[in-house]
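Asks: Please dock the two separately framed chains into a single complex, following the hints provided.
Those protein sequences? They're chains B and C, same order as listed.
Per the numbering used here, residue 1 is the first one in the first sequence, and the count goes up by one each step.
Per the numbering used here, residue 1001 is the first one in the second sequence, and the count goes up by one each step.
Derived by calculation from the structure, the hints in this document are not laboratory data.
Hints are supplied without guarantee of correctness; some may be wrong.
As the list claims (entries may be wrong) - Label-pair distances were calculated between CB atoms; the ranges are:
#	chain 1	residue 1	chain 2	residue 2	range
1	B	454	C	1097	56 to 62 Å
2	C	1071	B	401	35 to 41 Å
3	B	38	C	1090	30 to 36 Å
The beta-carbon is built from N, C-alpha and C at its ideal position, and this holds for glycine as well.
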Amino acid sequence: MSRITDGWMRLRSLLSRRDRARQIDDELSLHFEMLVRDLKARGYGADARKEAHIRFGNAQEIRKELYGMETRRVNREQRTAYCDELRQDLQYGVRQLFKRPAFAAIVIGTLAVGIGANTAIFSVLKGVFLDPLPYHEPDRLTYIWHGETDGSCCGPLSGPDFLDFRATTETFEDMAVLSSKGTNLTGDGDPSMVLGANVTPSIFSLLGVQPVRGRSFTSEDELGDGRVAILSDGLWRKRLGADPDVVGSRIELNSEPHTVVGVLPPAFNVPSPWFLNQMHDVYFPFAKEEIDQGRDSNWLLSIGRLKPGVSLETGDAELKSIAKTLEEQYPETNLQKTAYVHSMHERLVGRVGTQLIMLLSAAGFMLLIVCGNVASLLLARATGRQTEMAIRSAVGAGRSRIVRQLLTESLLLSLLGGAAGVALAIWAMTFLRAVIPADIPRVTNIGIDATVLGYALVISVLTGIVFGLAPALSASRTNLTESLKEGRGSQQGGSRHSLLRGALVAGQFALALVLANGAALMVQSYLQFRGQEQGFDAENVLTVNVSLQGERYEDSWARDAFLRQAIDHIGAIPGVIHAGATSKLPLNGGTNGSVWTEDNPERPLSGSFGPLIEFSRVSGDFFEAMGIGLLAGRFPIADDSVSASPGTIINQEMASGLWPDQNAIGKRYSFRTEPPNWMTVVGVVADVRQWGPYRRARAEHYLPYAAPGWAAGYRMYLTVKTELDPLSIVDPVRQAVLAVDGDLPISQIRTMEGVLSEQFAGQRFNTLLVGLFAGIALLLVAAGVYGVVSFFVAQTSHEIGIRMALGAGRGRVLGLTVLRGLRLALIGAVIGTGGVFASTQVIRSLLYGASPVDIPTIIAGVLALVGVGALASLIPAQRAARVNPVTALRSE
Amino acid sequence: MPRTTQELVKGTLDLLILKTLQAGPLHGYGIARLIEERTKQALQIEEGSLYPALYRMTNRGWIEFEWGRSVNNRRIKSYRLTVSGRKRLKAEAKSWAEFTVAVARVLEQPA
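Isolated chain C, as found in the complex (with noise of 0.2 Å):
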């Protein structure tokens, strides 16, 4: 049963964009697959969670976008990361990480 976004903790979403986005310019839908084909259809992005998330990591600077058009000449709307957001993406990366590491070192102790 794949997780849904609600679930995830809160933060744990913009990372994965800022992840996504890594690689390059991509537009909403395109981020949303990326990150279900990434975790094997684990999560699942609704787009409820994603375009808030997407335009709220806009207003705080994180990404940017721009309108472009596609292939069939339709208007697409497609994100990319700024400076800041690359500097956001790797402390929440490390942060991330160090979270892992501490629950872990919990559920290794013995009952």
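Chain B extracted, bound-state conformation (with noise of 0.2 Å):
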């Protein structure tokens, strides 16, 4: 051994598999050779090679071993040696912590709020839309509607075509349908009204559930009395104190005793798109003669299992054929209906679900904003930083070392950040669940769990990554000897750092445009639907809803009688203008069936000829209660009802719409009946938004409870008008109700202004959070302007200095100062002008039916934008302004 060319030290280095393989060779062949060599010495000459062979033994298989115990051995010393780094990064990152704590809690604090925000976001998006339905398979449900062939979608089924559909039907393995409808609990105690509904037998196991007590319906229920129920669990718990013998028991449900077959396992419901977060409490079975009439009319909704590995395409395009085939055979009800298969998945939550990925997406820039600012900090730092760094690379650490312990550091700081922000996030979540609007359904499924844990931890890591590897890039390519040479507080590396920093605001404005302006024009298009006529007078009005229900109210005559009554005993409370009923609210869509007029000749055949003519029943003083303005005419009075063609009261859209440049009063029309059941037109009022505020008004007629015809009204809303809070006469109603029928209960007691208001509260809650975003992105921005001018002002302080002492005026530091705010303000709102444009799509879905594109909008977003640079450079901008030469000249 003449030389030594390595230390005696382990061996650390990262050994390639040809490296290692050699080695091993080297070691092997040197002790062949010395044998070799030995055995010649000994003497055996010329066989000493062949002896060497049979001493050595298996050479190869020498050689795997070894290999194997060298691979093994140098990977636990990189781990190791990994570890150990790691180790020191964590301890000298906590170290840098607490050297900086305002530093570290302004980093921390940032980080919470964007990554909180995406973590609150995410749980809603997540129980609300990404959870698979809680059945069994519930890739496979699906709802069947019915449609025309002209693409109009998504009405309920009639019987008899569902009952074709089912026995023909090879793409879906069961079918089954449910009627929703206010079931009075009666008996002992308060009567209370729950949400039921009547279903065919299969709709429990189509979903996957058994009664957890009882039985489920049987085809011999279908043939039975109805008088049997199977109860949900929270009923079961509510009302009946969750008594284990329930099932057998009898129970009075809409005043008539039904037995108990079966209760439901907890939190089970069947789901209906129209009655979206409440849940059905009672289940009747369907008689079979009830589903098997009446092809003409639909009303039944219709949930599908499609049988395994078969597509919704497949079965949509079945039961498309089935239903020509339908077509064909029944042409005076079934001319030109089709039927239209959707995943439930997808009516259920597909719509909530894209808003909530818009919501996701506003998150997440706020977040990459949140990262600029955090890049943009460290980079400052990194500037104070660059004499250590100089120091740490002349002692031997390489680049990527000093970059793994700069991310490191980062990567601590975005963890904590997460903590933090999933604190916040749960903390939110009390807030969000409180202003969530109640056209999200499962919202009790949202909750921060292990996926949003994990979700936020994969953010966290991400950002930290995002938000650390250009400042770690950028100071670790130090320049040794410039570094060293100039000493602390060089501005050697300051002006590479600044221009990086002047991008990452940049790109921050223009991040921060694209929001401003999507939150500019949710909440226009919120203030224009929020303050567009509605066609009621929603003050001062209270709606109640009573449920007809049982034996009691079987007749027409009987339900009239009592809505009579009801109302005049209202009328009598003090402090009521108006009292009067209808069988559908305001804005909360309704059902229609078409029509022809007398003048017509000719009398159209088919349901689908002819207008569609939105029906409601009305009582008492409707119209002056709900301020529905008459326009011509008069309101009906008690001998309409009773002539042979019943007086009705019309809307302006179908008094326009029959009757153009006519006069409708005293025209008459019918629904399409055999024969034809006239109605004659007796006033004409303003139209009111039936479907909602986002639709334009349809046709509409009001018919008096009293008179005969289509819609007889089960279900009524009462609704009144009163002098001062109109809650203040919630029990005084309850009262004049019960003195007409004891066991009957009032339900959904609102005034008018929240029914209206409830319209707008997803519309609200899209807006209220991507303002918020778009709030906070504009503070961040702000302030990393302040913190890329001031830094500015700091590093050109000597050149001030310079400039004001050969005669440079106040004003013209303050200006060059600002103009660099403003520069960088500017280059964002161009490139988020751009990205503006490129959002249009994405933003369209919040918009409901606005304009995503808006000049007048973006022009204020630049100016606001313009304004926040101009704001932020302002401070430090006086700052440079009040620069004394003397004192800038002599600190250098």
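Replies: Here's what the structure looks like:
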């Protein structure tokens, strides 16, 4: 051994696979050669090599064994070395945090806001949209709708059509229907109303559940008197005190005794897109003849389970072809009638899911801006740490080593920020739950669980890399000699850093513009829809629901009698101005059918001919109570109903649609019945947006309750106009109803202001959140600009001093400095405007039909950003203008 | 008839290697030869046992190695004791002594 090339130390270097194999070969072959040499010396002569082979044994096997051992050793040592470094970096990082607690607090706080917002929105998205529906193999569940061949879709099915679909289908495993109805719990205790549903027996097994007590419905129940019921777990606990012997007992529903045959598992509900956040509490079996009639009356919500492996499209195509056969078979009822099959998940949460994804994108934008701010802060600090980096690399730390150390510090920050963010999200969830709109289903399923925490962890790590990488790479490029030579406080790397920071701030401006523009559009859209004429006066109007079910109300005159008496009693309550009743509330959707007019000589054959007319039943002073203005004619009087051709009220839309340029009063029309059931127009009222604030008013007629005809109205809304707070008369109204029928509960007690406000809950929720994100984004951007400009001022105070010494005025210095912030704002605004146009498609779904591109809004946004840029630059600029040339020059 | 390493009590080879390296750094072949010489050829150290033992002991941190060059410029890997190897040697030697004494006591008993 002549020269020592390595020091005595354990080999730690990253040995490549080949190196490792070669070292083993070298060692073994050396051994072999030495053996041969010795053997020769001992006189083996020519046979020495052969003998050595014999002694050596299987060299290949030894080699393999050694290679395995060596690999394990090197791996372990690498791991140890890596862990050591990580521990060092972490310790160092923690020390850095404690050294500058204010810096750490600002960074962690900013990150907490960004990560917290994302985590909170994600938890809503997951609970509502991403989680599969809580049924057996929910991917195969569908809704089956009635629609028309012209593409209009999504009404309920008729019973006979459903029975034919179910009997013929080969792509569906099973189909079932339900019809939801208000159900009065009577008998013991105060009467109350719950949501009930008539169902076909197989609906529970179709969804994959069985009652946990008792039994499911059977086909025999379809033939019985319908006096059996299956209860939800919730009703069983709340109303029946979780009585273990409930099965077989009798409970009174709609004033009639029913036998309880089963209790369903906790939280189970047959999902209806029309009652998104309401649970069905009681299920009744449909009688066979109830379904097997009326091919032209569409009223059943149909659920289907596709066979395994059958696609939605295949099922859809099959039902369409069955519908075609039915159309040929029953032309008088099924002309142009077809079927649509939609995924249950998509129908229940698809639209909400899209909106939540939009909100998550907005939160993501905000998080990017947060990253920009934190990166900017780190860059500023990196300038101060240049000497430290130089020393580190001088003592042998490689570039990757320094990057790793700085990234570890960033990840430490982002993970702490993430933890704080999760805490913030948990706190925010209590707030979010309160403002979450009623049309978002499955709210109870929202929570911070392992998946949400995993998401928070992933975005924390990504955030750490995003904001940490640029500063780390930049800092690691320290020029050793330059930095050490110039000493502390050098400006060398600073200019590169401030360039990078400038770019970051400009990028933040761009992101903020996109966010702010979206928020501004949403606010405009919200105000526009909120402020528009809805067709009624919501002020001081109370509405309560009564469900006129059971034997007592089977006849329509009995229901009419109840309404008259109840309205009389309510009218007598002090403070009540008008009282009336309607079968459907404004903005809450409705039912419709097609009509034909007496003037039209050609009588249409099918339901698909003739204009569609919304219909409702009204009683008492409904129009006065609701503030729906009379435009022509008069309100109906009692005599109108008993005449052969009952008098009705129609809206402006119907009047101008059916009798354009004519006086509608006195005209006669009929729903498509045989013989025709003529009705006479006695009054025309203003249009009400029956289908919600986002759709225009449709043609509508109001039939007095006493008159014979369609829409018999089992579920009625009492509407009461009061002088003072409408909620103050809830109790008198309840007493008035109970005075007429002691078993009849009132439910859904709301003011019309509340009904109106509910309609905007979704839009309000989205607008609120995006507005909040945009606001935070602007604050962050302002902070970013402030930081960059302040830094610039601090760095160039020497130069400013010279300028001022040479006669530059304070105004000029101020201007030059503000200009620096403005330049960044303008660059950002230009990029951001591009972003606004690029994001139009994305934001459309949050705007409820408002245009996603609005030039004045963009201009306002740009001006706002420039304003923010100018304001945020002004403070440091003033500092610059106050620079005393003498001190500035002396300090260098 | 020399005994082969397979028959050696497991761990004894480690002890022998540690002892051999106590004098100073040595390459694998040298270790084998030295043990054979010192046992007067009573023990023959086979390569298939020697090298795994050396690698295992390196991994445990009892010995360490370096690459050097011989006079005729061949790469040579030589091993030497580490601090923990020295401790190990002391402990092993002690327990070996105790072991042999114990065995000897049994054998000295009259039948």
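Asks: State for each hint whether it applies.
Replies: Hints versus structure:
1. B:454 - C:1097: 56 to 62 Å: Since the Cβ atoms of residue 454 of chain B and residue 1097 of chain C sit about 58 Å apart, the hinted range of 56 to 62 Å holds.
2. C:1071 - B:401: 35 to 41 Å: Given a distance of about 39 Å, which is inside 35 to 41 Å, the answer is holds.
3. B:38 - C:1090: 30 to 36 Å: holds (32 Å)
Violated hints for the displayed structure: none, as all numbered hints are satisfied.
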